Structures are given as structure tokens and as C-alpha cells.
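Chemist: From first to last, the protein sequence lines stand for chains A and B.
Position in the first sequence counted from 1, then plus 56, gives you our numbering.
Position in the second sequence counted from 1, then plus 439, gives you our numbering.
Treat the hints with care, as some may be off.
[What the hints assert, rightly or not] Simulated DEER-style distance windows between Cβ atoms: (1) A:783 - B:465: 45 to 55 Å; (2) A:685 - B:446: 15 to 25 Å; (3) B:524 - A:684: 30 to 40 Å; (4) A:706 - B:446: 47 to 57 Å.
[Unchecked claim] Far from chain A by the CB rule (all over 12 Å, computed), these chain B residues: (5) 444; (6) 451; (7) 455; (8) 457; (9) 502; (10) 527; (11) 541; (12) 542; (13) 550.
[Said to hold, decoys possible] Calculated lysine to any residue pairs in the SDA-like style (CA-CA distance at most 20 Å, straight line): (14) A:475 - A:541; (15) A:802 - B:499; (16) A:709 - B:465; (17) A:802 - B:573; (18) A:800 - B:576; (19) A:709 - B:575; (20) A:800 - A:707.
Derived from the structure by calculation, the hints contain no laboratory data.
Everything numeric in this text was worked out from a predicted model, so none of it was measured.
Using N, Cα and C, we set each Cβ at its ideal position, and we do this for glycine too.
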Amino acid sequence: MDTSTPTRWMTLAGLLPVVIAGSLFIWFAGMLPVIAAGDTLRFVWEWVPSLGVNVSFYIDGLSLTFALLITGIGALVMLYSARYLAGHVHQARFSLYLTSFMLAMIGLVISDNLLALFVFWELTTITSYLLIGFSHDTVKARRSALQALMMTGVGGLALLAGIILIGTTAGTFEMSEINAMPGVLTGSVMYLPIVLLVLAGAFTKSAQMPFHFWLPNAMAAPTPVSAYLHSATMVKAGVYLMARTHPSLAGTDFWLWTLTIAGAITMVFASVMALRQTDLKLALAYTTLMALGALTLLLGNESGYTITAAATFLIVHSLYKAALFLVVGILDAQTGTREAGKLFGMARAMPVTAAAAAVAALSMAGFPPFLGFIGKELKYAGAIAVASEPYLVAGAFLIASALMVAIAGIVSFRPFWSKSGAPIADVKEAPWPMLVGPVVLALLGAFFGIFPDTLATMLVNPTVASIVGSAEPAKELKLWAGVNLPLFLSIATFVLGFAIYAYKLKLRAILIDLTERSPKFDNGWDKLMAGIAAGSKALTRVIQTGVLYHYMVATFGTALAVLAVTLFFRSTGIPALGVPQVQLWDWLVFLLVLLGSILVLVTNSRITAIAGLGVVGIGMAMIFILYSAPDVAITQLLVETLVVVLFAAAALKLPSLTPEPLRKRWLDVIISVGLGIVTTVILLKVTTGPIDRELTTFFETASYPQAFGQNIVNVILVDFRALDTFGEIAVVLIAAISIFALLKSKPEEDKP
Amino acid sequence: MNSVILRAGARLQVVLLLVFSAYMLLRGHNAPGGGFIGGLIAATGFVVYAIACGTADARKALRFDPGSIAGAGLGIALIAGLMAVFWGDALFTGQWLFIGATETEKGLPLSTVLVFDIGVYLVVLGAILSITFALEEAV
Chain A
57 MDTSTPTRWM TLAGLLPVVI AGSLFIWFAG MLPVIAAGDT LRFVWEWVPS LGVNVSFYID
117 GLSLTFALLI TGIGALVMLY SARYLAGHVH QARFSLYLTS FMLAMIGLVI SDNLLALFVF
177 WELTTITSYL LIGFSHDTVK ARRSALQALM MTGVGGLALL AGIILIGTTA GTFEMSEINA
237 MPGVLTGSVM YLPIVLLVLA GAFTKSAQMP FHFWLPNAMA APTPVSAYLH SATMVKAGVY
297 LMARTHPSLA GTDFWLWTLT IAGAITMVFA SVMALRQTDL KLALAYTTLM ALGALTLLLG
357 NESGYTITAA ATFLIVHSLY KAALFLVVGI LDAQTGTREA GKLFGMARAM PVTAAAAAVA
417 ALSMAGFPPF LGFIGKELKY AGAIAVASEP YLVAGAFLIA SALMVAIAGI VSFRPFWSKS
477 GAPIADVKEA PWPMLVGPVV LALLGAFFGI FPDTLATMLV NPTVASIVGS AEPAKELKLW
537 AGVNLPLFLS IATFVLGFAI YAYKLKLRAI LIDLTERSPK FDNGWDKLMA GIAAGSKALT
597 RVIQTGVLYH YMVATFGTAL AVLAVTLFFR STGIPALGVP QVQLWDWLVF LLVLLGSILV
657 LVTNSRITAI AGLGVVGIGM AMIFILYSAP DVAITQLLVE TLVVVLFAAA ALKLPSLTPE
717 PLRKRWLDVI ISVGLGIVTT VILLKVTTGP IDRELTTFFE TASYPQAFGQ NIVNVILVDF
777 RALDTFGEIA VVLIAAISIF ALLKSKPEED KP
Chain B
440 MNSVILRAGA RLQVVLLLVF SAYMLLRGHN APGGGFIGGL IAATGFVVYA IACGTADARK
500 ALRFDPGSIA GAGLGIALIA GLMAVFWGDA LFTGQWLFIG ATETEKGLPL STVLVFDIGV
560 YLVVLGAILS ITFALEEAV
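Start from the sequences and build out the full structure, keeping to the hints where you can.
Modeler: In C-alpha cells:
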């Protein structure tokens with residue numbers, strides 16, 4: 057990742073994703089006029105009509121805002137990565153993962169069908185797993201990737217359950233239709249389970265407390281991934297879900313309080329933890345958590361103010377946070393460190409990076425005239441308008457925003473302008489492809505801050521309309537909203553923020569001390585994982601003993617119990633016993649089978665026992681021949697032959713049998729005699745009733761005219777029921793692979 | 440098992456059984472036989488060969504990895520089933536072509552059904568052999 061040496065970076069693997077993302081951005085941008093005019097777009101393809109699963113895309117303000125963020129930031133991040141990872145062995149793999157993620161994420165935000173949304177949701181989880189674990193040779197990356205996969209995967213399963221409940225309650229999986237039916241979910245008895253399950257999905261994905269710990273760990277991913285997935289897009293999928301279901305799920309006290317409490321705790325906790333970090337990237341990760349908490353909190357409400365605040369802050373945050381992540385990535389690549397204690401006064405060496413960082417940080421801290429200021433003013437205005445506890449919510453916002461001011465200083469003022477330490481020598485400015493992203497994103501924050509109306513009419517108002525269900529108009533975005541309470545809160549934020557910045561080292565020392573002493577979520581996670589592994593091991597030891605005898609007893613014992621009980625309760629009368637009218641041949645075959653079985657029981661030699669079983673099998677084949685089923689008979693004969701040959705090969709190497717005396721094997725006797733009797737009784741009862749020959753007649757008449765075959769058995773196999781046969785041969789193949797794997801694997805040493 | 444007689448016999452019978460298995464496969468639509476039975480017969484031939492001459496020789500005689508044969512068989516069966524789409528029928532509907540058919544003569548019948556049966560044949564052959572060879576090598 058040494059970007060100072062000139063490497064050939066304009067490769068197909070590096071630039072193709074940029075082209076894809078850029079084209080998609082332009083395509084989505086083309087929809088802006090339609091959406092800004094208040095219309096929506098919808099495309100539907102039927103996928104599984106019998107289950108009501110459609111591939112349907114629905115584009116309204118909310119979807120389009122997300123789609124533009126995903127593709128726009130995506131294009132910039134991909135250009136950045138093309139240079140950042142130039143010459144990396146697995147650059148093509150990285151590009152593939154990142155592009156797949158982008159497509160999945162777009163699918164997620166424009167799907168109208170909830171089941172399709174779920175599929176895309178899981179795809180983002182999987183691609184995120186692959187990207188976090190991109191440096192798969194480090195233990196930390198692998199562990200973090202798995203942790204993220206588990207957390208978001210479990211949440212995804214909860215979401216699927218919630219989606220199914222929504223579908224059965226509302227009668228459709230199309231979100232646009234569900235949102236058009238007010239009260240269909242809030243008024244239902246299933247409301248509580250639905251909300252719990254949907255929020256379980258959203259909270260794990262968007263890393264709300266207490267599911268937050270995977271997100272800071274996910275910073276093991278390369279910096280462009282952190283900027284893109286774990287700041288601007290994927291972690292906002294949970295926010296998107298809450299916004300998307302807002303019209304049909306919000307409006308209850310449960311929704312309001314759950315989101316308010318979870319959001320507020322996450323926000324305050326994360327902003328305090330951000331101050332504790334010395335790694336700049338980790339500090340940014342915690343501020344992302346803070347932003348997610350703030351968005352969750354705001355989405356708990358229904359008033360136009362709070363939703364406008366949420367929509368604006370969503371865009372503001374994506375712009376400045378992606379820019380700052382990319383800046384930290386540049387610092388890391390050019391200087392080799394991300395530690396706050398080592399980076400000072402780099403502005404002279406990297407003027408463009410420093411400028412971009414400054415503009416983005418001013419937006420983050422909420423200074424006028426940047427978009428962040430408007431976002432912060434709206435947050436305060438929204439906090440005052442919340443339906444829960446305006447003072448507490450405003451207080452929480454005040455603490456969090458003040459800490460944001462301090463952290464903006466730590467991340468982008470101190471490394472570039474501070475004279476507290478000596479700058480690292482011989483550092484060059486980053487190459488231009490890595491600078492485009494931060495510069496463009498930072499400038500957008502400034503541009504929209506000066507011209508907020510553009511943003512409001514194009515994106516914010518349509519987004520608010522789709523979240524609140526278009527009833528209430530959005531609030532205006534203004535730089536100067538007059539002398540009011542939010543303004544005073546803003547001033548208080550700056551004062552408090554500067555104070556925290558001034559005492560940051562002391563505060564950090566206290567925080568580090570505190571966190572060292574308190575229990576860590578990560579340890580709890582490790583214990584949980586170890587517990588699950590131990591539990592499944594214990595369970596496996598009970599139900600998978602590895603002794604064939606146990607499996608046989610369980611299988612046949614269960615069969616006997618089920619059949620005997622059914623026969624006892626369901627059958628009427630005892631079948632007439634008597635000597636059936638059968639030919640001499642049948643008796644001879646019967647005798648043969650009987651002799652074979654007895655031979656198996658009494659012999660000590662494995663080879664003899666196998667031969668005895670072969671006799672039984674051949675006797676059966678003879679019965680098939682006598683009753684004119686040559687195909688079945690041939691198959692039976694061949695299988696018997698093969699089994700005998702196979703067993704003989706193995707039996708030569710095995711010790712001889714030492715059967716225990718029958719009186720010690722009373723359980724085996726009960727099971728075998730019992731099964732014999734039960735089967736006989738069932739067969740007798742079956743044969744007394746009339747035989748339904750409908751299917752036989754059908755195949756007899758249809759086989760030749762329709763399928764040109766006279767061998768009915770084969771025609772059924774390969775033509776009438778070919779799909780079944782296909783399934784069967786697939787099973788044969790899977791069985792072969794499993795047996796092959798079993799035979800080729802070495803038994804694992806069982807640790808005590 | 441080191442027996443000259445068995446080795447010599449196995450070489451001969453593997454050829455006979457292979458021809459026989461092809462015969463059973465092809466006649467299957469109108470007389471007892473078919474892909475499943477054909478595959479079993481062919482497998483028997485190679486199993487005996489493996490016992491007589493060792494699995495290394497048997498693998499060489501087979502030329503392809505048995506697992507690949509089974510996988511290819513499944514793929515062929517799937518393609519045969521999917522072909523029906525080109526004629527606008529439901530999946531796995533048999534498609535027939537009678538080459539040189541006249542008013543009275545039916546001609547040479549070719550069908551996707553036969554292709555499907557060949558797939559079954561290969562899956563059975565490959566699956567049994569991959570199990571057998573692995574077993575022989577394990578004990």
C-alpha cells in the first residue's frame with residue numbers, strides 16, 4: 057500500500073468498478089426530476105407468483121437518496137481504491153467484492169418486495185463479511201469478519217421472520233402497498249412481534265447498543281471499505297429499513313420509546329467512546345455509531361421536523377464521514393500511522409488532503425455555512441419537537457454534538473495544523489485518484505450548505521414525504537433560521553466542544569482507565585461463541601455416537617414404535633390368518649430367504665454373514681421376477697452383487713464377529729421380532745382391500761403413445777417423472793461425495 | 440488380492456460388462472434396462488477390476504476421476520431437462536426427433552430422454568466408483 061512508488065494503477069480491475077458505479081449514478085440522477093416532482097417509479101417482474109414473491113423495484117425519495125449516495129460515494133471510493141490497492145495481489149478480488157456489494161446495496165434500497173429486500177439484505181451481509189476479512193492472513197480480520205457475519209446474519213434471520221409475519225398480516229409483501237394501508241400492522245395483534253423482529257434486524261445491521269461492538273471491529277477492513285460500507289452505506293441499511301417501514305410501523309408508544317432509548321444510549325455511548333480512541337480510524341468508527349444512534353432516535357418520531365432532520369443528517373453524515381475516512385486512509389498510506397499521538401502539522405506536506413479534511417471536519421462539527429450546521433440546527437429543532445422527552449433528547453444531542461466538535465478537531469485539525477509535535481519527514485501528497493474522493497465529498501458539503509434549497513427540493517423533501525407517508529410537508533432547510541433555541545444550543549455546543557478539545561488528553565486518560573476496568577462486550581461475545589461451540593459438541597456426542605449399532609437401534613426402534621402405535625389405535629379387527637394360495641416356487645424362495653437369514657444370525661464369519669445377506673437379497677429379486685418386474689429384479693440383483701463385493705473387500709481386513717448370546721440381546725430380539733410381526737400384519741391388511749389400479753392403467757395406456765416407450769418403469773423414470781429422477785441422482789451424487797469425504801478425512805483428535 | 444487368474448479374468452470381463460452396460464442403457468426404453476441398471480453393470484465391472492488389479496490401475500483404466508464423471512452426469516441430465524425450454528415445453532418434458540421417418544417407418548428415434556438416461560448412467564457409475572475406490576484405498 058505504499059503509494060509513493062509509482063505503480064501502474066489504471067488497470068481493468070481497478071477502473072471497471074468506477075465505470076459501473078459512475079454509470080449507475082448518472083442513471084439514478086436522471087430520475088431526480090421525476091422524484092422531485094413528487095412522483096414515484098415502480099417496475100415489477102413476477103418471480104414466484106404462487107408465493108407472492110416478485111422482483112419489484114420501487115423508487116421514491118428515500119430509495120433515490122440512498123441509491124445516489126451508494127453509487128456516488130461508490131464511484132469515488134472505487135476510484136480511490138483503484139490507486140490505494142494498485143498492485144495488490146488480490147486487487148481484482150477486492151473490486152469484485154466491492155462491486156457486488158454495491159449492486160446488492162442498490163437492490164436493497166430499491167426493492168419493493170420485502171422478500172427480495174431480504175435477499176439483498178443478506179447479500180450485503182455476505183459481501184461485507186468478505187470485505188472485512190479481505191486481509192484473511194490476519195487473525196483479527198478473520199475474527200472481525202466472522203463476528204460481523206454472525207451479528208448481522210442473526211439479525212437477518214429475525215428480519216425474515218418479521219417479514220413473513222408482515223406478509224401474512226397484510227396479505228402482501230409489496231412495501232408500497234403495505235404503506236398505503238394505514239393501521240394494517242399497527243392495529244394487528246401481531247404488531248409487537250413484527251416490530252421486535254424487524255428492529256432486531258435493523259439494530260444489528262445498524263449497530264445499535266447492545267449489538268454495536270461488531271462495527272468498531274469491522275475497521276479491520278481496508279480503509280475504502282470502512283469509508284464505504286461501514287460508514288456511508290451498509291450500516292445505514294438498518295436505518296433505511298426503519299425509514300421504509302416507518303409509515304406502517306411507527307406511531308405507537310412502543311416504537312417511539314424503543315427507538316428513542318436505543319438511539320440515545322448508542323449516540324451518547326459512542327461519542328464518549330470516540331474520544332477514548334487514539335487510532336483515528338477507530339475514533340471515526342465510533343462517531344459513525346453516534347450518527348446511527350442519532351438517526352435511530354430521530355426516526356422514532358413522526359413530526360415533520362424530526363424526519364427532516366433525519367433525512368438531512370443522513371446525507372450530511374454520509375458526505376463528511378466518507379471524506380474523513382478517506383483522509384485517514386491517505387494519512388495511513390502516506391505516513392504509515394493512524395495514531396493521534398504521532399501525527400502533527402502535516403498540512404505543509406499534504407496541502408490538498410489537509411484542505412479537504414478541514415472542510416469535511418467543519419461540516420462534521422457543524423459550523424456555518426456548511427451543510428453540517430443545517431443538519432445540527434435541524435437535529436436540535438427536531439429534538440425539541442420529539443414526542444418523548446424533549447429535554448433529555450436535546451441534552452443527549454448536546455453532549456454528542458459537543459463531542460463531535462472535539463473529535464472533528466482531533467481527526468482533522470491536530471494531525472494537519474497542530475504544532476504540539478514534529479511533523480513526520482519526507483511525506484508526499486497523495487496521488488490524485490485518492491484525492492478526488494475527499495475533495496469532492498467535502499466540497500459537496502459546503503455547496504449544499506450554501507445552497508440548501510437545491511438539496512431540499514431534490515432529495516430531502518421527497519425523502520421526508522416517503523418516510524412520513526406524504527401527509528406532512530417537510531421543514532425548510534435554512535442557514536439562518538433566526539435567533540431561536542436551536543441557535544443557542546449550537547453556541548453551547550461549540551463552547552462545550554472547544555472545552556473538551558482543550559482537555560482531550562486528560563479526558564482520554566480517564567476514559568481509557570474506565571474502559572480498562574469495565575467488562576468488555578468482546579469478551580462476552582467470545583464467551584458466548586465458546587458456549588455455543590461447547591453446547592453443540594455435547595449435543596453431538598449424545599446424538600451422534602459414531603457407533604452404527606446405536607443408529608440401527610434408534611432407527612428400527614422408532615419405526616417399530618410408530619407403526620405399532622398407529623396399528624393399535626387406528627386399525628379395526630384382526631386380519632384373517634390362513635395359508636395364502638401361493639405356488640410351489642414361492643415356497644422355495646421363501647425357504648431360501650429364511651435360510652439366508654438364519655445363516656446371518658448364527659455365523660461367526662463376516663464373509664459368511666454377507667453371503668447370507670446376499671442370499672436374502674437374491675431371494676427378493678426372484679420374487680420380483682416371479683411377479684414380472686424384471687427391471688426392479690435386475691436392479692436388486694446388481695445392487696446385491698455390488699454390496700457383497702464391496703463388503704467382501706472391507707471384511708477381509710476386519711476381525712471376525714463375536715455375537716453375544718441371544719439372551720443378552722433381548723432388545724434386538726424385541727425390535728426385530730416386533731417389526732416382523734407389525735410388517736406382516738400391515739401387509740395382510742393392505743392386501744385384503746381393493747387395489748387401486750388407476751395409475752397403472754394410466755401408465756399402461758399413455759406410455760407408448762405419449763412417450764414412445766414400452767418399458768413402463770423406464771419411461772416413468774426418465775420421462776413422466778424425470779424431475780424426481782433428477783432429484784434422486786443428485787442425492788446419489790451428494791451421498792457419494794459425503795462418503796468420499798468421510799473415507800478420506802482423518803479422525804479428529806477429541807480434546808478432553 | 441493378488442491372483443493372476445482374477446487379474447486376467449477381470450481385464451476381459453470389464454470390457455464385456457462395459458459393452459453389456461451400453462446395450463442395457465440403449466434398450467432401456469422398450470425392454471428391461473435403462474441408465475440406472477446400465478450404470479450399475481458398468482460399475483460392477485470396474486469394482487471387480489479394482490479388486491483384482493488395485494485401485495490405481497482401475498483409476499487409470501477409467502481415465503477420468505469418478506467424482507467428475509458423476510458430476511458430468513448430473514450436468515448432462517440437467518441440460519437434457521432444460522432442453523425442453525427451447526421447444527416451449529415445461530422443464531423435463533421429453534423431446535423427440537425421428538430421423539428418416541416416413542409414413543410407415545418410424546425412423547431412427549433420438550430424444551432428450553436418452554440424453555437424460557445417459558446422465559443417470561454416468562451419475563450411478565461415478566458415484567459407486569468414487570465410493571468403492573475410496574473404500575478400497577481406506578482399508
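Chemist: All hints, please: hold or fail.
Modeler: Verification of the supplied hints:
| no. | hint | verdict |
| --- | --- | --- |
| 1 | A:783 - B:465: 45 to 55 Å | violated, 24 Å |
| 2 | A:685 - B:446: 15 to 25 Å | violated, 37 Å |
| 3 | B:524 - A:684: 30 to 40 Å | holds, 37 Å |
| 4 | A:706 - B:446: 47 to 57 Å | violated, 20 Å |
| 5 | 444 | holds, 17 Å |
| 6 | 451 | holds, 17 Å |
| 7 | 455 | holds, 15 Å |
| 8 | 457 | holds, 14 Å |
| 9 | 502 | holds, 18 Å |
| 10 | 527 | holds, 17 Å |
| 11 | 541 | holds, 16 Å |
| 12 | 542 | holds, 17 Å |
| 13 | 550 | violated, 7 Å |
| 14 | A:475 - A:541 | violated, 37 Å |
| 15 | A:802 - B:499 | violated, 25 Å |
| 16 | A:709 - B:465 | violated, 39 Å |
| 17 | A:802 - B:573 | holds, 13 Å |
| 18 | A:800 - B:576 | holds, 9 Å |
| 19 | A:709 - B:575 | holds, 11 Å |
| 20 | A:800 - A:707 | holds, 19 Å |
Hints 1, 2, 4, 13, 14, 15 and 16, counting from the list given before, are not met by this structure.
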